[in-house]
Amino acid sequence: MTHTDITGSLINEYRIVKLIGSGAYGLVYQAQNTVTGQQVAIKCISKKSNPSVKKQSDYLTTLLAEHLLERDFSLQGLREMSLKRLSMADNIPCPFVREISIHLQVHQHPNVISIHKILDSQVAVFVVMDYYPEGDLFVNIVDRQVYARSSGLIKDVFIQLIDVISYCHSKGIYHCDIKPENIMCANKGSKVVIGDFGLAVKSKYIQSKTCIGSSYYMAPERLCTMNHSLTRLEYPACKGDIWSLGVILINFCCTRNPWMKACEKDATYSAFKKDPKILMEILDISEELWNILCDCFREEPEERISLFELRDRVLKCRSFTVAGPLSRCDSYEQDMDDALECAVPANESSVGSNGSLDLPMDHIIEYAQYLQTLSSVKNTAAGNYTQNQFVLDNNIMDNVSIMSNKSFNMNFA
1 MTHTDITGSL
11 INEYRIVKLI
21 GSGAYGLVYQ
31 AQNTVTGQQV
41 AIKCISKKSN
51 PSVKKQSDYL
61 TTLLAEHLLE
71 RDFSLQGLRE
81 MSLKRLSMAD
91 NIPCPFVREI
101 SIHLQVHQHP
111 NVISIHKILD
121 SQVAVFVVMD
131 YYPEGDLFVN
141 IVDRQVYARS
151 SGLIKDVFIQ
161 LIDVISYCHS
171 KGIYHCDIKP
181 ENIMCANKGS
191 KVVIGDFGLA
201 VKSKYIQSKT
211 CIGSSYYMAP
221 ERLCTMNHSL
231 TRLEYPACKG
241 DIWSLGVILI
251 NFCCTRNPWM
261 KACEKDATYS
271 AFKKDPKILM
281 EILDISEELW
291 NILCDCFREE
301 PEERISLFEL
311 RDRVLKCRSF
321 TVAGPLSRCD
331 SYEQDMDDAL
341 ECAVPANESS
351 VGSNGSLDLP
361 MDHIIEYAQY
371 LQTLSSVKNT
381 AAGNYTQNQF
391 VLDNNIMDNV
401 SIMSNKSFNM
411 NFA
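Per the working numbering: the sequence shown = residues 1 to 413.
What the hints contain is simulated information worked out from the structure, not anything from laboratory work. All C-beta atoms, glycine included, are put in the ideal place defined by N, C-alpha and C. If a hint is listed, it holds; no wrong ones were tucked in.
Straight-line distance between alpha carbons at most 20 Å, and here's what the computed EDC-like set of lysine to aspartate or glutamate pairs gives:
no. : residue 1 : residue 2
1   : Lys202    : Glu234
2   : Lys274    : Glu300
3   : Lys273    : Glu287
4   : Lys316    : Asp295
5   : Lys274    : Asp295
6   : Lys191    : Glu134
7   : Lys265    : Glu299
8   : Lys277    : Glu287
9   : Lys277    : Glu264
10  : Lys48     : Glu66
11  : Lys273    : Glu299
12  : Lys55     : Glu66
13  : Lys265    : Asp275
14  : Lys48     : Asp120
15  : Lys117    : Glu13
16  : Lys202    : Glu302
Restraint-style ranges between C-beta atoms, simulated for each label pair:
no. : residue 1 : residue 2 : range
17  : Asn187    : Val17     : 16 to 24 Å
18  : Gly77     : Glu300    : 52 to 60 Å
19  : Asn33     : Gln122    : 17 to 25 Å
Construct all of the structure, not just a fragment, from the sequences and the given hints.
This is the structure in structure tokens:
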């Protein structure tokens, strides 16, 4: 054990197994319940900061190790915070309380990481969550190539993402940091869950000077200082999530990103603005998928495709790529009960099995219409697809995600 390694330490009944993620502001550990043997993930969020340190998670690593060393690597009797009270505390001007509160308001959805309990200490808050040994979507797309030969699996998982983001939007929550590193996988990649609500907002509009997210997945309006053609004072938050989903769809189908940043200084994005068909040359995607992506990547947010239309068109898409296994998607009937189950939790007003509060659902009109229309959708698709080259660049460190700093990096112009 090094001076910053806390492997083997006890935090109440949980023994730390290993560090599995770190970002700009926090750490994630795999841990085991010493009573039940259950494997969990513990997200460690610092209660202190050091302005002189660029990456606060480095400061937290040292702070936490010193705190545990003074206590023989055992923190016992930590106070368990009330999930019910925290779920109603999103107006408190404290970043970590706000993040946890927003997460709790949607964690009853089957495609959101569940929070089991929250422990409070002098230096940090420990959020005990479900553990996903299969890792994040990035690992499953790139390293394991889980989706490399199945368009049906891509569609199934992508629809799960659309449905859970639709659910969050119905609650007035806009994630603002949708990317593969914040999406965990289960059941051999057939189920996905989203996490990390550290950048989520509850306001329908985001100020144009507010630059939040991870650069590869950020919409142009989130990079207003780099896009001088965008002059409005605020932009709809929901449309930024749709842009991010478009980039993730490219990740699935091409194992790469279209550009580094959707700004005027990025050569590939600038080329796309001048001639959108360059995407078909760069990515070897079908014209049908290209049309879907163009509607995701409209520079004016209000002109972008809706979540429901995106869902419908992806399900009906007959081809993702020009050649290879993904060049054909065969239609088949989908069990709509399963689809609706994915879209909304079965019981919105009960207390969850993990003891957390499942808040009553207040559907906005648009979401109610979304579900109504969803029940009439009958077509989806299955198929295979080809493997594409992937390049990793660790030089871009704009991510503020707590999960990881990995990124797809594909700049082709």
